[in-house]
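Line by line, the protein sequences are chains A and B.
For the first sequence, my numbering begins at 2 and goes up steadily by one.
For the second sequence, my numbering begins at 60 and goes up steadily by one.
These aren't lab readings, by the way, just hints derived from the structure by calculation.
Just so you know, these numbers come straight off a predicted model, no measurement behind them.
Positions of the beta carbon are idealized from the N, C-alpha and C atoms, including for glycine.
Don't take each hint at face value.
[What the hints assert, rightly or not] DMTMM-like cross-link-like pairs, simulated, lysine to aspartate or glutamate; straight-line CA separation at most 25 Å:
1. K348/A x E98/B
2. K278/A x D197/B
3. K178/B x D100/A
[Stated by the list, open to error] Interface residues of chain B toward chain A, partial, derived using beta-carbon atoms under 8 Å:
4. R96
5. I97
6. L106
7. P108
8. Q132
[Said to hold, decoys possible] Beta-carbon label-pair distances, calculated as ranges:
9. R545/A x R161/B: 57 to 65 Å
10. R187/B x A118/A: 26 to 34 Å
11. K738/A x G175/B: 21 to 29 Å
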Amino acid sequence: MVSLAATFGRGAMTNHWRDIRHADLILVNGANPAEAHPVGFRWLMRAKLDRGAKIIHADPRFTRTSAVADTYVRIRTGTDVAYFGGLINHVLSNRLYHDDYVRWATNAGFVVKEGYAFQDGMFNGFDREQGVYNTKLWAYETDQDGHARIDPDHPRSVLNLMAAHYRRYDADTVSRITGIPREQFMQVAGLVGEMGRPDKVMTIVYAVGLTHHTTGVQLIRSGAILQLLLGNMGRPGGGMNAERGHANIQGNTDHAISWDILPGYLRIPAPGQKDIKAYLDESASIKQHPRAVNFFGENYRRYLVSLLKSWYGDAATKDNEFAFDYLPKPAANASWISIFDQALRGKMQGVMLSGMTATSIGPDSNQVLQALSNLKWLCVMDPFNTTSSEFWRAPGMDPAKVQTEVFMLPATHWIEKDGSFTNSGRWAQWKEQVLPPEGEARHDHWILAELFLRVRELYQTQGGRFPDPVLKLTMPYRNPRKPELDEIAQEINGRDLRTGKRLATFVDLNDDGTTAAGDWIYTGHYPEEGNLTKRRDGVQDPGRNDPSGMGFYPNWAWSWPANRRILYNRASADENGRPWDPERPGIAWAGGKWVGDVPDYPPTTGPGPDAPLPFIMTGEGVGRLFSNAVADGPFPEHYEPIESPIANPLHPQQSATPVAFMYDERAGRASRFGTPADYPYVATSYRLTEHEHYVTQNVEHLVQLQPEAFVEVPAGLAREKGIETGDLVRVSSRRGKLEVRAVVTKRLGPLQVDGRQVYQIGIPIHWGFVGINTGQHWLANALTPFVGDASARTPEYKAFLVDIEKI
Amino acid sequence: MEVSRRRFLSIGPVGVLGGSALGFDLTESINVKQRLRIEGATLAHSLCPYCAVGCSIIAYTRKAANGRTELLQIEGDPDSPVNEGTLCPKGATSLQLAVSRRRVPQPLYRAPGAAGWTKVSWEFMLDRLARNIKASRDATFVTQDAEGNVVNRCEGIAFAGGAAFSSEEGYLATKLMRGLGLVHLEQQARV
Ligand code: SF4
Numbered sequence: 002m003v004s005l006a007a008t009f010g011r012g013a014m015t016n017h018w019r020d021i022r023h024a025d026l027i028l029v030n031g032a033n034p035a036e037a038h039p040v041g042f043r044w045l046m047r048a049k050l051d052r053g054a055k056i057i058h059a060d061p062r063f064t065r066t067s068a069v070a071d072t073y074v075r076i077r078t079g080t081d082v083a084y085f086g087g088l089i090n091h092v093l094s095n096r097l098y099h100d101d102y103v104r105w106a107t108n109a110g111f112v113v114k115e116g117y118a119f120q121d122g123m124f125n126g127f128d129r130e131q132g133v134y135n136t137k138l139w140a141y142e143t144d145q146d147g148h149a150r151i152d153p154d155h156p157r158s159v160l161n162l163m164a165a166h167y168r169r170y171d172a173d174t175v176s177r178i179t180g181i182p183r184e185q186f187m188q189v190a191g192l193v194g195e196m197g198r199p200d201k202v203m204t205i206v207y208a209v210g211l212t213h214h215t216t217g218v219q220l221i222r223s224g225a226i227l228q229l230l231l232g233n234m235g236r237p238g239g240g241m242n243a244e245r246g247h248a249n250i251q252g253n254t255d256h257a258i259s260w261d262i263l264p265g266y267l268r269i270p271a272p273g274q275k276d277i278k279a280y281l282d283e284s285a286s287i288k289q290h291p292r293a294v295n296f297f298g299e300n301y302r303r304y305l306v307s308l309l310k311s312w313y314g315d316a317a318t319k320d321n322e323f324a325f326d327y328l329p330k331p332a333a334n335a336s337w338i339s340i341f342d343q344a345l346r347g348k349m350q351g352v353m354l355s356g357m358t359a360t361s362i363g364p365d366s367n368q369v370l371q372a373l374s375n376l377k378w379l380c381v382m383d384p385f386n387t388t389s390s391e392f393w394r395a396p397g398m399d400p401a402k403v404q405t406e407v408f409m410l411p412a413t414h415w416i417e418k419d420g421s422f423t424n425s426g427r428w429a430q431w432k433e434q435v436l437p438p439e440g441e442a443r444h445d446h447w448i449l450a451e452l453f454l455r456v457r458e459l460y461q462t463q464g465g466r467f468p469d470p471v472l473k474l475t476m477p478y479r480n481p482r483k484p485e486l487d488e489i490a491q492e493i494n495g496r497d498l499r500t501g502k503r504l505a506t507f508v509d510l511n512d513d514g515t516t517a518a519g520d521w522i523y524t525g526h527y528p529e530e531g532n533l534t535k536r537r538d539g540v541q542d543p544g545r546n547d548p549s550g551m552g553f554y555p556n557w558a559w560s561w562p563a564n565r566r567i568l569y570n571r572a573s574a575d576e577n578g579r580p581w582d583p584e585r586p587g588i589a590w591a592g593g594k595w596v597g598d599v600p601d602y603p604p605t606t607g608p609g610p611d612a613p614l615p616f617i618m619t620g621e622g623v624g625r626l627f628s629n630a631v632a633d634g635p636f637p638e639h640y641e642p643i644e645s646p647i648a649n650p651l652h653p654q655q656s657a658t659p660v661a662f663m664y665d666e667r668a669g670r671a672s673r674f675g676t677p678a679d680y681p682y683v684a685t686s687y688r689l690t691e692h693e694h695y696v697t698q699n700v701e702h703l704v705q706l707q708p709e710a711f712v713e714v715p716a717g718l719a720r721e722k723g724i725e726t727g728d729l730v731r732v733s734s735r736r737g738k739l740e741v742r743a744v745v746t747k748r749l750g751p752l753q754v755d756g757r758q759v760y761q762i763g764i765p766i767h768w769g770f771v772g773i774n775t776g777q778h779w780l781a782n783a784l785t786p787f788v789g790d791a792s793a794r795t796p797e798y799k800a801f802l803v804d805i806e807k808i
Numbered sequence: 060m061e062v063s064r065r066r067f068l069s070i071g072p073v074g075v076l077g078g079s080a081l082g083f084d085l086t087e088s089i090n091v092k093q094r095l096r097i098e099g100a101t102l103a104h105s106l107c108p109y110c111a112v113g114c115s116i117i118a119y120t121r122k123a124a125n126g127r128t129e130l131l132q133i134e135g136d137p138d139s140p141v142n143e144g145t146l147c148p149k150g151a152t153s154l155q156l157a158v159s160r161r162r163v164p165q166p167l168y169r170a171p172g173a174a175g176w177t178k179v180s181w182e183f184m185l186d187r188l189a190r191n192i193k194a195s196r197d198a199t200f201v202t203q204d205a206e207g208n209v210v211n212r213c214e215g216i217a218f219a220g221g222a223a224f225s226s227e228e229g230y231l232a233t234k235l236m237r238g239l240g241l242v243h244l245e246q247q248a249r250v
């Protein structure tokens, strides 16, 4: 979600599932919602059936989403930057953007500092030694107050730089890179170009088909830029709608099970930040426009101090910087691939996995098996055995040689505990405990609390390295070994420490230690009157429960922040507070107040030319077409995947992104990348409707529905190779192989790319050596490359090279 | 909890069995069968554990004579503005995830180099794991980096998981792991 935060200030799906029904045009990229989010897909279908919306599905595969789309666009995997780039070019060069919106709500008119350059595939500021850009060089010209200079006609205005950057993405170039026929691309551009009108609105729906690339952050940012230009951000039926793939990824990202953040998207401190001030200087956004609210930047300290008070209680005082030193400060990226890289380097001793199986998830499962073998200990908490708990006896492993001590702890299922899930649309919904824990199974949080307290007791009796944070961490629960999720929900919400009362809004959080809140974006979900995520005023009574008629259902559960249903909704109305489209209002200024959704704006501040700017989370006050909050370029640029069948037509000498992190190379390990000469076909991996990653290998009905591993092979390639449906084939990459059945299909192409024919092979991910059908022991991620993008280090699961042969 | 009339009426055939391929309408008999199945049952509200659409489900349970709680049925919650009573094949079969003979019945321990699991007690596991965590933390904890910056981090332990954690569990996991000084923290957002 780096890309959305870099563009708008928050990294989350901007609208919500039901809201998609308000769209006129729906671009689906890197997603197959009909199969991967089937019930969410009903809202795309409602838009189509109820208001005649058009759906354009751009995907390497013709799927069930394509089957009901108005246009199916076959696109080479990983080339959406070029597709969106072509659309942006079309919109800019034909002046089809929403002019009033762009002037008021984006940084189009901001002047970029001298020195900005883009040449031969490289932006300015690249450090060859480190392989990174100095992103600070991508800045604005500022006046003596630090405010950006604004002059849309300046040759270095964002708008002018952008037009020059995107001019290269003409229809022929787009076609050459993506494989989309020129005429079809122009048809799509024609439809998209109409969406800059105030009475029209388009949404972009995407999933990990955009994320799982070394260019993933820029793929998504491309869509976000297009949406800003068309004036579609903040509006019902608009937005950038990321479809999250697991029940509570959103909630657990919000609460920061993520190396780079603390709860509420506060950045993890970095080495050298010796106190809170130094931390804020490098973390909080700075006000760059006199009318910017800069809400996050201005309040960052309140949220950090309130978090530290929650975690360290009385041990967090003014005199010790609220125990700021207790927070760990990572030296380097510590995300998923980094964990296994560290293990391969022999630096990681122990790994704890809960509901997540490293072996299957990959990338490069064979290398991950090696990494797990290097550990001293591995702890798996799960209701079922997984390919990680069983890794030491995976096919091809010799248990006698694996010295890792393995702990398998039976954990409870979601239905055996209460607590909330936050869905993709940020709706935090409470669930009740339906069943008691089965047998000896224990809740994950009880296991973790128990382990922590035992470690604390060991430090109390034996001492050890810097025990203070372990000894001082608050465990203010009735039974600290068995905290109730209700108690934790209250801690997350936070309270005024002087009165003991739970807070109703994060506006009341202080930076002097008088308030505590575990996650400021959830402050208000559990005020004194009770837990609002339990609310159930839904579609049983639309007249009463949906007063605006826009489907917000404000008393169904609770959404962050502040029960707001559409992020950035101030931009759904013009400068004077009138909805761009009165038929589909987000908020409107009426009778001295904002009505409709909960305003994403100071609630009592009226509109007008002198009023604060609409995007309250950025230092600029506007959405960022140009952004220096990403590691790989202020504007998105098309780069080829690390393994690609062709050299980048735009700049063959800089084919892939210069800033992708190459783990094996950096660690001095042998290269595990293949070349098109040895591996001539493009492969992409995906889910099927009937399975969810790997856990459903334990569900009988689902295994019956999709029992067996297979790969999808384009008909033309199958003919060349003499492969028929049902044949056993071997698919191999430089890193591993699968021996599974082939399904021959016309749904996969081929494509004409850069003057030649390219075949794409489809690889469903769900099988492994653990599950009901144990004959299906092949791991799809044995094929995928051990590499991630520069900003988020998300692995490139969706574009790599393979060979295929009939066995 | 009582099943209201409105709610009862909305309990139609949902999920994978919807529609009839037999040429005659099974709706009525399915309705009767459903009613018998959930008569006198306790109704609880939960959510589908799979994708992030966040479909609300209704779960029916009954206390069996032996004191065990039996999960009778899971179906889509008709009141939800997200799913309006519908579920996909995964949500519709989530009962089989919840109640399964495939559950790991008790803690299992695999010693270094061993060819199989040993069944052990929770006490054995928690004691040994806590000692491992402390030993690894002590061995890999860095209080100051080479430049003399206070960094207070544990480099040699990683925690990953939580895609189906309740948010509150996730928050506690973050708090406890950061409390131990972990920097390697990950869940299923990226992968
Ligand atoms: S029922 Fe299907 S669409 Fe709904 S949350 Fe579950 S997996 Fe997602």
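Each hint, compared with the structure:
no.	hint	in the structure
1	K348/A x E98/B	58 Å, violated
2	K278/A x D197/B	30 Å, violated
3	K178/B x D100/A	68 Å, violated
4	R96	16 Å, violated
5	I97	14 Å, violated
6	L106	5 Å, holds
7	P108	4 Å, holds
8	Q132	11 Å, violated
9	R545/A x R161/B: 57 to 65 Å	44 Å, violated
10	R187/B x A118/A: 26 to 34 Å	58 Å, violated
11	K738/A x G175/B: 21 to 29 Å	28 Å, holds
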